[in-house]
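Assemble the complex: chain A is given as a structure, and chain B must be docked to it using the hints.
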Amino acid sequence: MNKTMGILMIVLALVIAIVPIFTDCLANGRSLTTADGRSVPMKCHWTAIAEIGLAVPLLFVGVFNLTSKRKETFRALNLIGLALGALVILFPTVLIGVCANAAMPCNMIEKPALILSGILVMGASLVTLAGSRSFIEPVAA
Amino acid sequence: MSAFQLALKNISGNAFRNGVVSLCALLLSAFALFTTLVIRGAESSLRLTIDRLGADIVVVPEGSEAKIESALLMGIPARFWMPADHVNKIAAIPGVGVVSPQLYLATLTGADCCSVSDMFMIAYDPASDFTIQPWLEEELGNGLRVGEVVGGSYISATEGEQNIKLYGYLVTLKENLEPTGTGLDQTMFLTFDTAYDIASKSEFQAESPLIIPPDSISAALIKVKPGSDPQDVALQIIQNVPGVTPIESSDLFQSYRKQMTGLLKSILVILSVTWGLSVVLIGLVFSMAANERRKELGVLRALGATRRFVFQSLLAEASLLAFFGGITGLAVASMAIFLFRKLIMVSLEIPFLLPSPVSLLIQIGAGLLLALFSVNLAALFPAFKISRQDPAVAMRE
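As they're listed, the protein sequences go chains A and B.
So for the first sequence, my numbering puts the first residue at 1; every next one is plus one.
So for the second sequence, my numbering puts the first residue at 1; every next one is plus one.
Hints should not be assumed to be uniformly reliable.
[Claimed, not checked] Far from chain A by the CB rule (all over 10 Å, computed), these chain B residues:
hint, residue
1, G19
2, T36
3, D51
4, Q133
5, E175
6, Q186
7, M260
8, K342
[Said to hold, decoys possible] Label-pair distances were calculated between CB atoms; the ranges are:
hint, chain 1, residue 1, chain 2, residue 2, range
9, B, E203, A, V40, 36 to 42 Å
10, B, P134, A, I7, 24 to 30 Å
11, B, S250, A, V56, 55 to 61 Å
12, B, S272, A, V56, 43 to 49 Å
Treat the hints as calculated values from the structure; they're not laboratory data.
Even for Gly, the Cβ is constructed at its ideal location relative to N, Cα and C.
Pulled out of the complex, with its shape left as it was, chain A reads as follows (with noise of 0.2 Å):
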């Protein structure tokens, strides 16, 4: 179970990181035209900047949960897992946003693929978290 927990927050973290940069709208050739004409990229833009920065920890996440063996690791990692979950759905929402636009792209696929990434890495997270109390750690030879 903590080994197939652990390849989904991989491939979970690979969507965290990948998704977002191409689905912006800064992606989809949308910019905000400064007074000075300057072409700067919408907040969408940094939230998937952001993303980045949390799916290299969770990619860690994931494969340490691949490869411990101790109990009380798990439980670590899982909890940072938890947070970082918690973090991926918090930063298209609440701490940086994206367009106020429904029928932008950032709106359509980044925001929510990155809700569903994070609700799958928290779900992941827990499951894991669960099977780490009855998981038996091997005996050193």
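Just chain B now, kept in the frame of chain A:
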């Protein structure tokens, strides 16, 4: 130990079988729920749009039938005109109760003078309107003044502001309508006076002016008198008013209904194929697992377990796996459809409305029953076969 407890212990020991069976149940229930929600949501969305319009007949210029459907259902801006004089001609036809003209406008594409690009706008006549006005009086206690607008559920002003820029003209968003799941959610409603005010000022304030041809309207909404047949009234409109097409509310969105019927047929075929393949795959996996466990089940029988007990424990295992897979699939499908609703609408070009919580729970229950039935059906034959075998023969092999 009961059959259920034995099943619970057994499913923790076979990752491959658990994975395949749960995955099949997951995919089956998720696909069934997803398609049911989309099809039923599309139906209720069409019904709500017709109710929201509140008209028995919509009269549009000849050849504009598809455009009005796309505008009302998908919010794709439509521009078509007919002489405003048609309203008087229609009002004179026996059986016509109320006629209300509407103007269909749109914001500019990618222009700084418009806060929202390519937004559909409906201007209505407050004196005759029976669609927007009753709702406004109920919600706001009065109608709209010049410069005030009402938006569909998706229309919002920039954060911290109450104004929306249309052709360089600032309008105040007074209220948002309840969601319909259609293009009406992305539509802005304003009075004729506001539309003409925007048009007159847009010449100086906008990158390109808002042009409303003089003495023109886009459509006329008709409510027939009680006891009159809308079909008879529509026939008389065709005979008396040239160059227009009356669309009865029952005939509205015919092209979308045809599209939905086609989609429903394709989905039913895919669902049947998926269901058949899943049942066969689960059956094979259970047969393999049951064969592997022949000795184990033989020992169980030798220790006194009845055929019925073995049979029940195998079906309990199947039910548990179907339950876990089904619940996961249904949860993921519900979340996906809720979060990606807009994307699905745009991709399938079909509007749909999310169901009420009670209706959603009923559909989730039906999805779970489908998963349980399918997995149990697939496991029935292997479970029956293995429970009938002689324990002595099973242990010797």
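Handout entry: Broken hints, by number
Key = 1, 6, 8, 9, 10
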